[in-house]
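Residue numbers (full-length UniProt numbering), protein chains in the order written: chain A, 1 to 347; chain B, 1 to 347; chain C, 1 to 347; chain D, 1 to 347.
Keep in mind that a hint or two might mislead.
A pair holds if it fits inside one copy or across any two, identical chains being indistinguishable in the list.
Straight line, CA to CA, 27 Å or less: simulated DSS-like cross-link-like pairs of lysine-lysine [said to hold, decoys possible]:
{"no.": "1", "residue 1": "77", "residue 2": "282"}
{"no.": "2", "residue 1": "158", "residue 2": "82"}
{"no.": "3", "residue 1": "271", "residue 2": "255"}
{"no.": "4", "residue 1": "338", "residue 2": "78"}
{"no.": "5", "residue 1": "102", "residue 2": "158"}
{"no.": "6", "residue 1": "271", "residue 2": "77"}
{"no.": "7", "residue 1": "231", "residue 2": "102"}
{"no.": "8", "residue 1": "78", "residue 2": "282"}
{"no.": "9", "residue 1": "255", "residue 2": "338"}
{"no.": "10", "residue 1": "111", "residue 2": "82"}
{"no.": "11", "residue 1": "3", "residue 2": "259"}
{"no.": "12", "residue 1": "102", "residue 2": "82"}
{"no.": "13", "residue 1": "329", "residue 2": "111"}
{"no.": "14", "residue 1": "251", "residue 2": "321"}
{"no.": "15", "residue 1": "111", "residue 2": "21"}
{"no.": "16", "residue 1": "21", "residue 2": "102"}
{"no.": "17", "residue 1": "251", "residue 2": "278"}
Simulated from the structure, these hints should not be mistaken for lab results. No experiment lies behind these values; they were computed from the predicted model shown.
Number of protein chains: 4
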Amino acid sequence: MSKPEGLPEMEYRFLGRSGLKVSAISLGGWLTYGGHVDRDGTFSCMEAAYNSGVNFFDCAEGYAEGESEKVMGEAIKKYGWKRNDIVISTKLYWGGAFGNNKVNNLGLSRKHIIEGMDASLERLQLSYVDLIYAHRPDRHTPMEETVRAFNHLINNGKALYWGTSEWDASEIALAWRHADRLGLIGPVMEQPNYNMLDRVKVEGEFAHLYRELGLGLTVFSPLKQGILSGKYKNGIPDDSRFAQTEVDFVKGYWKRTGKEQWQQIIDQVNKLEPIAQKLGVKMSVLALAWVLSNPNVSSAITGASSPAQVYENVQAVAAYKKLTPDILKEIDDILNNKPPAITYRFD
Amino acid sequence: MSKPEGLPEMEYRFLGRSGLKVSAISLGGWLTYGGHVDRDGTFSCMEAAYNSGVNFFDCAEGYAEGESEKVMGEAIKKYGWKRNDIVISTKLYWGGAFGNNKVNNLGLSRKHIIEGMDASLERLQLSYVDLIYAHRPDRHTPMEETVRAFNHLINNGKALYWGTSEWDASEIALAWRHADRLGLIGPVMEQPNYNMLDRVKVEGEFAHLYRELGLGLTVFSPLKQGILSGKYKNGIPDDSRFAQTEVDFVKGYWKRTGKEQWQQIIDQVNKLEPIAQKLGVKMSVLALAWVLSNPNVSSAITGASSPAQVYENVQAVAAYKKLTPDILKEIDDILNNKPPAITYRFD
Amino acid sequence: MSKPEGLPEMEYRFLGRSGLKVSAISLGGWLTYGGHVDRDGTFSCMEAAYNSGVNFFDCAEGYAEGESEKVMGEAIKKYGWKRNDIVISTKLYWGGAFGNNKVNNLGLSRKHIIEGMDASLERLQLSYVDLIYAHRPDRHTPMEETVRAFNHLINNGKALYWGTSEWDASEIALAWRHADRLGLIGPVMEQPNYNMLDRVKVEGEFAHLYRELGLGLTVFSPLKQGILSGKYKNGIPDDSRFAQTEVDFVKGYWKRTGKEQWQQIIDQVNKLEPIAQKLGVKMSVLALAWVLSNPNVSSAITGASSPAQVYENVQAVAAYKKLTPDILKEIDDILNNKPPAITYRFD
Amino acid sequence: MSKPEGLPEMEYRFLGRSGLKVSAISLGGWLTYGGHVDRDGTFSCMEAAYNSGVNFFDCAEGYAEGESEKVMGEAIKKYGWKRNDIVISTKLYWGGAFGNNKVNNLGLSRKHIIEGMDASLERLQLSYVDLIYAHRPDRHTPMEETVRAFNHLINNGKALYWGTSEWDASEIALAWRHADRLGLIGPVMEQPNYNMLDRVKVEGEFAHLYRELGLGLTVFSPLKQGILSGKYKNGIPDDSRFAQTEVDFVKGYWKRTGKEQWQQIIDQVNKLEPIAQKLGVKMSVLALAWVLSNPNVSSAITGASSPAQVYENVQAVAAYKKLTPDILKEIDDILNNKPPAITYRFD
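Take these sequences, add in the hints, and give me the full structure.
Right, here's the structure in full:
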């Protein structure tokens, strides 16, 4: 199978201030591979992505208790992709505890980072990953120990770059403090939640880190778990069209925020739909394209349960180029959630 | 004049992880000295404070366009206090523009830090201050330049310690990154807004910095500009009892937040009043005592327009020792604004 | 076999200022495994410890001329414990000489540290230990060489953390001097003798190192080789109830200190017995609990020659929580050996 | 006045691992100048010392509440000694509080070190001292702050070398840790108590620091406040021959240690007397000579209340060369207080 007709050329972006290039659209295993998408489904999605030019596949020790790494590793082997053509990531923090006790199998101690890395590589059937993430901050472990341990992985050839996921700006800055002090490698990328509805972290809190630290972003939930695809626009989740995971997701959301807030969001998405139509793309493609229009985003990590979904997501690589300043303004006006710029010297 | 009867012994606290001791209650010039409190009023407040054991006097180049520094400098001279017995601070950022154009007379460039310091020292009639603060972050100036410039002041004997005011946690961490990388002195203290009604920064955002960086706090607005003194409890600010500055303050507040939110705050303060009565102190003393009960606070900077107010504030040094865990819990229940703890590895 | 009924939940403590957690009660091989406790006895003690939640097993190249490492390694293999669930230590200094000449098989030269580590790992049948200790200071080897050699072990994946045993405060500080100067990893833990009768080092000499260096302690002889268990209270060691090792121990003690001083100690222990009774625990449990009540102790390393002894020791994890300030004061009054606090600036 | 006949040539020793030379016998102001020795007495003692080749004059801000610095400064001026021919020291820690409050006028904060130095230089009428000492450790002030502040004095030309007085080995090592980490100057000398009766610190605790850090010693109380001069050998201190300060000293000693222990010391000194006679020197000269026979001693700081005493002390420079290994062994056998060597690798 080769690239289907009608797909745009993939775009590759530098991962922050590094020399590594990742596809602007990437494929992640969270909630899907090793989970509700079966083995063959995983294989065909990954094949479709690879054939579309996706080079970056994202995973974590904690996804599906290690099953996600296993099945993604099998796919890499099955298709015989060259190691140097692909960028593989995993994340350490949560997952070390399955089948183990929790005492030292969680968090960012030197012990778990080293032991967790070896366990991940074994599941992935790889000798190294390209990117290794700290899947959360661990304020119990001294930052210096964590920075040293990720450098140990790099020095021992088990990872090429390290980064963070869901850290706050001050934690990232503290990691760089120790890295610089010790002449070690700092975290080059952060993996935050980022989409039209969740902008505070990426556009507000991190604003100065792009310049100060060269921080790159590989963002997750660019469609806010499907909400921005418009699929809930008439939204009765117990409708038979919906899988149980989706029903659970929506019901959970209702519980946390109230049905009213949910409805507000759905209304907002519905107001964006005409813009998608005007551009001739699906709502989900507009949402992804909007994420790619942020130059600080190196890659948008998408989930997909079918090759069709993969191909749809890849359209965003072309679509984001149609987002003129005027259209972006129109979207901002609907969203009405742009984080205020941090005021500077002359405000 | 010597210490009035009935005043508690002043308490001196280390300024963060430094060897310098500052009085737990200090006196600041913001909005008062050089402003609506006249020269003689400033002198008598500062004398009352000194006689009460206050050793730390806080100022800024921007307070009253430099007049605050001038009058505080005059007081120091007038009373002949020994330089080594007092701790004098000022802040650089805002104030350099009066009488100058704004191009290079604002912010944290090397030029303004060096020139602003000299101008402040001249107004203060001192050869050095103990503490020099960056009065805001300046994201236009590279952090390295700012860190180097404050070290330049210290190396040239114009200041003993440097710190920040109203910086966010990541900015403070970035300053330490450059300080450590270059073997320079990092910022030892931060001056944030902190009081019963504004807790997010001090108790939430900065939580890990006390341990990681040894950050000390000199907090301002411990009475939230008088709201926590209870003086607005029946609060019609156009009442003739109120000065124009107070009327303006409340009307500004109404405009920003709506009268409803103002009333909610006043109601909350009114609920705290019985606790103050039970402890046998004024509401304002309770509010100050509550600030001092936070061990990360090195000093609460108070404003005062009369010696009587100074003496009242100093009572907090004794009062905070009466705040048992039970009473603090009772206060927390009324305030209902304790920032959530950052979750850790095993939550 | 699983955890016996009536045992408290194990407590895990961070090892000094590291992210590693060790069980508050740990099991050591000194004088027992490979020595007077036979192979099967070792297995059943280690199994009992593991089932009680003990995760830290302590050894040394010098214990029983390497036999201790061998038998502990066999136990780990026999029970199939997961490597990431346990914390294994050994120590380098003394032991390399058995079967070799002494010229370069003792001390802390780069040669012995590297060669000794490999020999220990072979005896343990492991590819790495979690903790590697310098079993004594070696003032003949430059500190820089020793610090570099332990970092070499860590960089090569043969150990995760390094520390010291029976070093003095200045030697530990000198190790950190070189570690910091060179950007290397310093010693995170020290293994001193600590018990009710030997307090000078842990409570006096090291007092500032907990804060300055984040030093963690894994203490040995918490029962002072059984004296604090009360077993010698009527103490005629040639009594047939006593093993030859115990008889030798007591006679050696008499020889070194005189019978009179021995009797004073026994009398003191006898006075502690009523406190144990009041708390409803054995004297040995009280002695261990007292050690755990010191927050600078990460783990108390116990010896045991039977599973019953292991279970008894683990009781201390619950018992130490009963040691109120009043009881600790009562104990201090009997012991009368609290090291004086180092006087500070304002004493 | 020039050097009296019969005086040996002064010996100059390097101050630890520095390039500075100090006279083996030096003159200190403790308890004498500014205190019980009057202005003219001070002048004549200092003149006698200078004429005997003494180049190092030791003082402290705390001696006689600053009077010691004042009178020594006057002497330097009076005699017109060239600044480059003499080595002047003072010490910061205790003394800043006279006439001031104690809050920031004691200890080793940056504030007191800088302000105290300026006050000392003013009293000494000098623009710099050669040696500046931290007169005690200050565990409340972070070591980094103290190390930086002494370097600040050196960088600003107010002192040439810095050192410590009565610090323990670990504190000295921690100072070097920060100095090395930051590329700053570490403490080159320590000023401990050292004499025939007090040997633990210099010969035991510091043993490894001479090689590791190049530590130099300027020792005080080489005659143990006169005890080693033999003047108390028939020792009734209320005897009219004794000054009140001496009477007070002995009575204080009795109170602290009991008359019995005092007598033991006197007996020991009496046993040393025949050795002095054999060598043809006074007991006090033997005691000083014994101190100089330790090659780690850069200078023995003597007190003197008359020129005659100065000349007597200087005799030790010749006398110590007569102390053969056999005589030193004889002395050691009488003293019976040689600290045990720290055991090394092959003991």
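Structure-based check of all given hints:
no.	hint	in the structure
1	77 to 282	neither (34 Å within a copy, 58 Å between copies)
2	158 to 82	both (17 Å within a copy, 21 Å between copies)
3	271 to 255	within (24 Å within a copy, 32 Å between copies)
4	338 to 78	neither (44 Å within a copy, 52 Å between copies)
5	102 to 158	both (24 Å within a copy, 23 Å between copies)
6	271 to 77	neither (44 Å within a copy, 64 Å between copies)
7	231 to 102	neither (38 Å within a copy, 37 Å between copies)
8	78 to 282	neither (32 Å within a copy, 60 Å between copies)
9	255 to 338	both (26 Å within a copy, 23 Å between copies)
10	111 to 82	between (31 Å within a copy, 13 Å between copies)
11	3 to 259	neither (42 Å within a copy, 48 Å between copies)
12	102 to 82	between (36 Å within a copy, 12 Å between copies)
13	329 to 111	neither (48 Å within a copy, 38 Å between copies)
14	251 to 321	neither (36 Å within a copy, 44 Å between copies)
15	111 to 21	between (30 Å within a copy, 10 Å between copies)
16	21 to 102	between (36 Å within a copy, 10 Å between copies)
17	251 to 278	neither (32 Å within a copy, 47 Å between copies)
In this structure, the hints that do not hold are numbers 1, 4, 6, 7, 8, 11, 13, 14 and 17, in rising order.
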